[in-house]
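Participant: Let the sequences and hints guide you as you build the complete structure.
2 protein chains.
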Amino acid sequence: MPLKLLKAATAAAFVISSPAFADEGMWTFDAFPAAQMKATYGFAPDQAWLNRVQQSAVRLSVGCSASFVSNTGLILTNWHCVSLCVGDLSSADKDYNKSGFLATTLVDEKACPGMQAEVLVSITDATAEVKAATAGVEASKVAQARAVAIAQLEEEACKDDNKELFRCEVIDLYRGGQYKVYKYRTYKDVRLVFAPEKEVGFFGGDPDNFNFPRYNLDSGFLRAYENGKPVKTPTYLPWTQETPKDGDVVFVAGNPGSTERLRTVNQLKFERDFPLQSDLLILSEWRGRLIEYRNKSVEAKRSAESVFYIVENSFKALYGQQRALADPSFLAIKEPEEADLKAKVRADAKLRAEIGDPWADIDRLLAKQQDLFWQYQYLESYSGATSSLYPMAVNLVRLANEGAKPLAERLPGYSDADMVQIQEQLLADAPVYKEIEQIGLELWLSKAREYLTADHPAIKRLLGSESPEGIAARGIAGTKLDDKAVREALIKGGKAAIDASTDPLIVLARRAEADARAINVKMNQEVNGPISQAAERIAAARFAVYGSNVYPDATFTLRLSYGVVDGWTYGGVKIPSTTNIGGYFERASGEFPFVAAPSWLAAKSSLDPSIPFNISTTNDVIGGNSGSPLIDRQGRVVGAVFDGNIHSLGGNFAYDGRYNRTVSVTTAAITEALSKVYKADRLVAELKAK
Amino acid sequence: MPLKLLKAATAAAFVISSPAFADEGMWTFDAFPAAQMKATYGFAPDQAWLNRVQQSAVRLSVGCSASFVSNTGLILTNWHCVSLCVGDLSSADKDYNKSGFLATTLVDEKACPGMQAEVLVSITDATAEVKAATAGVEASKVAQARAVAIAQLEEEACKDDNKELFRCEVIDLYRGGQYKVYKYRTYKDVRLVFAPEKEVGFFGGDPDNFNFPRYNLDSGFLRAYENGKPVKTPTYLPWTQETPKDGDVVFVAGNPGSTERLRTVNQLKFERDFPLQSDLLILSEWRGRLIEYRNKSVEAKRSAESVFYIVENSFKALYGQQRALADPSFLAIKEPEEADLKAKVRADAKLRAEIGDPWADIDRLLAKQQDLFWQYQYLESYSGATSSLYPMAVNLVRLANEGAKPLAERLPGYSDADMVQIQEQLLADAPVYKEIEQIGLELWLSKAREYLTADHPAIKRLLGSESPEGIAARGIAGTKLDDKAVREALIKGGKAAIDASTDPLIVLARRAEADARAINVKMNQEVNGPISQAAERIAAARFAVYGSNVYPDATFTLRLSYGVVDGWTYGGVKIPSTTNIGGYFERASGEFPFVAAPSWLAAKSSLDPSIPFNISTTNDVIGGNSGSPLIDRQGRVVGAVFDGNIHSLGGNFAYDGRYNRTVSVTTAAITEALSKVYKADRLVAELKAK
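If you're matching them up, the sequences are chains A and B in order.
Quick note on numbering that gives the first Met the number 0: the first sequence kicks off at 0 and runs consecutively.
Quick note on numbering that gives the first Met the number 0: the second sequence kicks off at 0 and runs consecutively.
Honestly, the hints are just simulated from the structure, not real lab data.
Heads up, some of the hints might be wrong.
Since the list gives no way to pick one copy over another, a pair counts as held whenever it fits inside one copy or between any two copies.
[Stated by the list, open to error] Keeping only pairs whose Cα atoms sit at most 27 Å apart, straight-line, the calculated BS3-like set for lysine-lysine is:
#1 K300 - K97
#2 K244 - K675
#3 K268 - K367
#4 K367 - K333
#5 K433 - K300
#6 K367 - K446
#7 K182 - K130
#8 K459 - K603
#9 K459 - K573
#10 K349 - K130
#11 K491 - K187
#12 K573 - K446
#13 K521 - K573
#14 K446 - K97
#15 K678 - K109
#16 K341 - K268
#17 K140 - K521
#18 K573 - K367
#19 K140 - K231
Being a predicted model, the structure only gives us computed values, none of them experimental.
Facilitator: In structure tokens:
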């Protein structure tokens, strides 16, 4: 699968007992620390406020957050969250990245291929059920036993619901500390309403990404449809053009993708030296290949736009994470926390007997994980992940193979409910660019041979006497998987159709499957299962020692963060919290990516230069929060979160409230641009309607 | 400057007191441990043997080793050491990488642009003089004071010699433990005699690089000339077609480039997380750009051949180093060694008073180095290093600026003798490919902005309102520095000519110089100088505790390693020491890079398949040793070192005799190929002459 959209953003030293910095925490809606917030800020939201915000918050299947901002399904998110859709809807004749997109009437709103929206409607506890299913199970079978129990719980929780409208998912919180069933209302027809030109949606481009001050209209609008009509969404966030001031309380409701704050220090070092390293190296080479490819022609540049953005953004976010973990002073935040918990467990005989030494157990398992790492990465985790078509082939082969087995024998991630989602993804209508596919497939195959060597038995089976370049060229030229009807026929035909297929990518995926599946099973049995058991014991120790006033690691599920509008001071330089529209024109030097959009230059005299454009706040967020509504104490939407500053990237591991800031585009600037630059009168009227 | 040719190769746990593995050590010729070797193998070379080998060993300016193998200046080295020359001599019409190169008569031998050869003729001690020059000097001025003293010692040591024929250089051994003056006889006209086709010189390509078993004719021949005639070299290594057997003693005489075995553990961690990381990321993106560029046309592929090889080889060597340092079990070799030395210093009151705690001092300095690292890297160390033309511009500007100053105020590396070498390099005749130059210059500028941010004052000064892409395109299109006459005129014109130049690369280098020079000075004053003082104290502690039976870190100067022919066993798999010519044809599957050369296929029936092709030995070598003669106990050359196995890459930090192996191509295979495949009768006759 394509690497996930990432816009990390966060902030100061995570402390286990209770957050060291006032604004730390990505809280679940069923455990919001209202008393703690009230003690700090003299205000906390009541249950009605929380309920309304929860029901207005939207998760997008592209890995972003969003919110309903009208009673007819209008959704606010980021430009960079709709940019994949913008690319999919564009063609050589019409490039919406360049022109922007505005549906002047309802019928002009265009379906985004594969995009789905979801709202979290209920949370119920299932900790006891999941723990019971793995109690007494030997370490190597834990991952599988848990997967089976979870699939059954999900089935049970949604059994009375219309499967087209609702979806149930068990969420692992606190790394095995709690399991909860999250029920989602899903919207499968999501259409594009508005996206600005990339020049203003992503002004400053990669160089300014994760930096501040910023001047980006990184916003876009979508609308949820059902049966060809906009859905009714009576619960939504009211729009305002007011912008909060320094010190004003603000909230972010969204879906932080993942954090590693509860992992052991040695797990973080492993993360730095293996997965992050492996990702950064392949992303760097991929980026280099795409840069030169883009130079070939205008159409090459256009067609590579989306994937290139994802590659650059992922690189920078992951790079920032690795830099944090390479800094001895950053790890020095984590080490005493871990030492404290260990010491408290050791000092309590009963606890010590119950918990044991899960840190030492994890260290031993990390050595095993290291042994398997490169095989797991290149035979399974990355399997064609730098292309779109080959992961389709893998999924088609797996649907056929796993679907033919009883649940208990399937790979995790292939429950019946999972398979419905995979099928839906396989039937999305996104355009495929074969030259870019060939680059991506060749990249994976050539790196697999490089890291595992030409003499590795699995590489010999994968490549035979062919070269990565030859397989990629012939495979992409010959495949018909870019035709949705072909994919549909293969899904319907099941295992027989897959086994009989002569499509070169299906043939390749079939050839790769035994080794890929074997390393997946081995990693789950020998590493992931046993590590999760040890992590459960650490979670139990943490609850026992510090109580429950802690928040779980991010899991791309709905969370609420509170904070205030604030700039920061670093190296003696004071960075103010708020930029304005006038600053955009000042920063535009004229060479890419600092080029002002022609539409803005044309409207310049009518725009109020003093209107706040981008704003920094102390909220604790991370990649996946992109598009989250920034909300004031009245529950009104005052902005859309789109980034974190450069100091935020270590937030994956610890929140540093001194420096880490969330960056949003204001509703004030969005309204001004919609009115004056884009003349989007229909949209403005809908936003302002009460 | 272009990144250095690297072919790391080494071997088992370095132990400070005396090598843990019998064959560990890169010994200087003036301190060869004959008694120790004799105790192990019942044989050690006598002084006559050592003298003859020292005078036959050749260092090449491309970063390789070599040896004289006839009395008329014939030099044996690797194909990959002459491949830059092969590329320089090739053109769109005649690609010697494809066809190979054979001078059938003396007049067909062609000069390699910029290639120089050197022989180490004498070693004299200068430790007292250098230490006196820095005694009592404050830390921030140490690097400069030492540079001045060294320049004066070098001038003094060579003052009676013909500067065209001799060069003197002070070498820092044991990281400040000793300083020695090395006098070299230099040969400035080096010509290509023979190079095989890349298909056999680099069979298996990047995938097989640093792997074994191997089947490479990675060999080439050069000849040293003076006044248009081959030089007389009465001292040379006799040629033999005999190949030593398992357990036979073998030596390697060559120039290991650099090792970090005497650095502190925290310096190694810094190395892993900063310089190695930075190199790997830029090499990965560069590689990606070059892969796509090469796909453009046959000529693009040909013209990028040399740089692409250097990028891939450097990546793999550095990657292997980083992997070693990321493996906790590898660092576990180093940590107890350091703890032991520290404990012994602490336990001895007198020593403790004298040595202090240089490890803690270095830790504090590493924090400073980390602060300055990215600025130093992108403003100075990498400055245009991914191009050829921009470093010329930097050197031209520096020659003018530094040359106008007294020695004590110059940057290190700009003594009068250094400047003569820089001028010679600037006047080499290598071809320049402007499209590749543009990729390289753009890469540096864009990464500089990425890592330092668009808001960094030095980046603002470097780029102005332009983009990296714009500056690179206009700069490379407009520059005349690819014309040697233009460079020569700028050298002759001195500072006035440089200041008046409107060449866009000179203009850019002038604009960059103040910030580049400032960070260079700052790094030397605040980090390098103080670290070198602390390292001197560690070196002193080591001599005091363990005596002098230790070898210094590699410094790309002449060393002798002893060992035996041996394979190894890893993960239960036994790898034999020796491959043969028949195996080459068996491994050739037909798709690149496993394609047999047509010349070999044509000669196949005449070749003896049982002749040893490549051979693995326990010698302790590293990048820079490429091309070194493999020598038997009689002092005959039996092979040319061209690689290390995959386990050897951590040899930069520690030698692991269980697994680390040096890989050579045998003189037996070279002779067979020259006779049967290439019909190089003139060359074979010269090699066999007594």
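Participant: A separate judgement is required for each hint: does it hold in the structure or not?
Facilitator: These are the hints, each one checked on the structure:
no.: 1; hint: K300 - K97; verdict: within (12 Å within a copy, 34 Å between copies)
no.: 2; hint: K244 - K675; verdict: within (24 Å within a copy, 84 Å between copies)
no.: 3; hint: K268 - K367; verdict: both (15 Å within a copy, 22 Å between copies)
no.: 4; hint: K367 - K333; verdict: both (24 Å within a copy, 22 Å between copies)
no.: 5; hint: K433 - K300; verdict: both (14 Å within a copy, 22 Å between copies)
no.: 6; hint: K367 - K446; verdict: within (22 Å within a copy, 36 Å between copies)
no.: 7; hint: K182 - K130; verdict: within (20 Å within a copy, 74 Å between copies)
no.: 8; hint: K459 - K603; verdict: between (62 Å within a copy, 26 Å between copies)
no.: 9; hint: K459 - K573; verdict: between (57 Å within a copy, 19 Å between copies)
no.: 10; hint: K349 - K130; verdict: within (21 Å within a copy, 62 Å between copies)
no.: 11; hint: K491 - K187; verdict: within (21 Å within a copy, 73 Å between copies)
no.: 12; hint: K573 - K446; verdict: between (44 Å within a copy, 26 Å between copies)
no.: 13; hint: K521 - K573; verdict: between (51 Å within a copy, 25 Å between copies)
no.: 14; hint: K446 - K97; verdict: between (34 Å within a copy, 25 Å between copies)
no.: 15; hint: K678 - K109; verdict: within (19 Å within a copy, 71 Å between copies)
no.: 16; hint: K341 - K268; verdict: both (18 Å within a copy, 26 Å between copies)
no.: 17; hint: K140 - K521; verdict: within (10 Å within a copy, 57 Å between copies)
no.: 18; hint: K573 - K367; verdict: between (47 Å within a copy, 23 Å between copies)
no.: 19; hint: K140 - K231; verdict: neither (46 Å within a copy, 74 Å between copies)
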